[in-house]
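> Sequence:
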Amino acid sequence: MSLLPLSFYLRNDVVEIARDLLGKYLITNIDGVYTSGIITETEAYAGISDRASHAFNNRRTARNEIMYSKGGCAYVYLCYGMHYLFNIVTNEIDIPHAVLIRGIKPVEGIEQMKVRTNKIHNSKNLSNGPGKLTKALGIDMKQNGVSLFNSSIKIEDRKLKINAKEIKVGKRIGVDYAKEDALLPYRFMIEI
DNA sequence: CGGCCGATCCACT
DNA sequence: GTGGATCGGCCGA
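In terms of my numbering, the first sequence opens at residue 1 and continues consecutively.
Honestly, the hints are just simulated from the structure, not real lab data. Careful: at least some of the hints might be erroneous.
In the DSS-like style, the derived pairs of lysine-lysine whose C-alpha atoms are separated by at most 27 Å in a straight line are [to be verified]: (1) Lys124 with Lys161; (2) Lys154 with Lys179; (3) Lys154 with Lys132; (4) Lys168 with Lys135; (5) Lys124 with Lys70; (6) Lys124 with Lys135; (7) Lys135 with Lys119; (8) Lys154 with Lys124; (9) Lys168 with Lys132; (10) Lys119 with Lys179; (11) Lys132 with Lys142; (12) Lys142 with Lys114; (13) Lys119 with Lys159; (14) Lys114 with Lys154; (15) Lys179 with Lys161; (16) Lys161 with Lys142; (17) Lys179 with Lys124; (18) Lys105 with Lys179; (19) Lys142 with Lys70; (20) Lys165 with Lys70; (21) Lys168 with Lys142.
Computed from a predicted structure; not experimentally measured.
Generate the whole structure from the sequences, applying the supplied hints.
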């Protein structure tokens, strides 16, 4: 198994990390169910200077506290009162960078993902969206703050090659309130 | 303490 | 393309 090393998450450039996460495997083992998928869409949230980030202007609350911990752990929060969104915390302690995982392609445990998402029949669109993939993978607030090295969630590099030219770049979704920062090219996608 | 609204998704039209 | 679901965080009074 080739777990991504801690050094991967401690780098300064969270935008680069978001790009590099494409093609990596997100794996969960929650409630006795093993599921995995290839990361196909990410967004970078660049800390205290990024108006779209929960940690903009060094805002520090019970909700986003985990963003200020050392990279390599999960930041999960409830969005719109009904969806759990999964982020990977990056950079050193007290630097609140994070990467939102917006899409995965299911690989292992697909039948269980269908059950979790109430999609017994159409196996398509199980996990193409930040709220949907957490449901498919079984992620909820219990995983907020967990390490990606010794717990129910991990990221592996299985040496899937992603060519730079396959990567689509765009602005982030749902962050119009962030004014000029809403236009930053911090969203990355691949078609698999 | 009240009210607004969000890093979304789905069912409808 | 639009609106409803649904609730915790956040801000202002």
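> Sort out whether Lys124 lies within 27 Å of Lys179, counting only the CA atoms.
Violated: Lys179 and Lys124 sit about 34 Å apart, past 27 Å.
> Would you check the hint for Lys161 and Lys142, treating anything up to 27 Å between C-alpha atoms as holding?
32 Å, violated
> Do the alpha carbons of Lys168 and Lys142 lie within 27 Å of each other, as the hint requires?
32 Å, violated
> Tell me if the straight-line CA distance from Lys124 to Lys161 falls inside 27 Å.
23 Å, holds
> Hinted pair, alpha-carbon criterion (27 Å max): Lys142, Lys114. Please report holds or violated.
21 Å, holds
> Is Lys142 close enough to Lys70, meaning Cα to Cα at most 27 Å?
19 Å, holds
> Given the hinted pair Lys179 and Lys161, is their alpha-carbon gap at most 27 Å?
35 Å, violated
> Holds or violated: Lys135 with Lys119, Cα cutoff 27 Å?
11 Å, holds
> Take a quick look at whether Lys168 and Lys132 sit within 27 Å of each other, Cα to Cα.
OK: Lys168 and Lys132 at ~21 Å, within 27 Å.
> Holds or violated: Lys132 and Lys142, Cα atoms, limit 27 Å.
OK: Lys132 and Lys142 at ~17 Å, within 27 Å.
> Please verify whether Lys114 and Lys154 have alpha carbons no more than 27 Å apart.
21 Å, holds
> Is Lys154 within 27 Å of Lys179, Cα to Cα?
34 Å, violated
Hints 2, 5, 10, 13, 15, 16, 17, 18, 20, 21, counting from the list given before, are not met by this structure.
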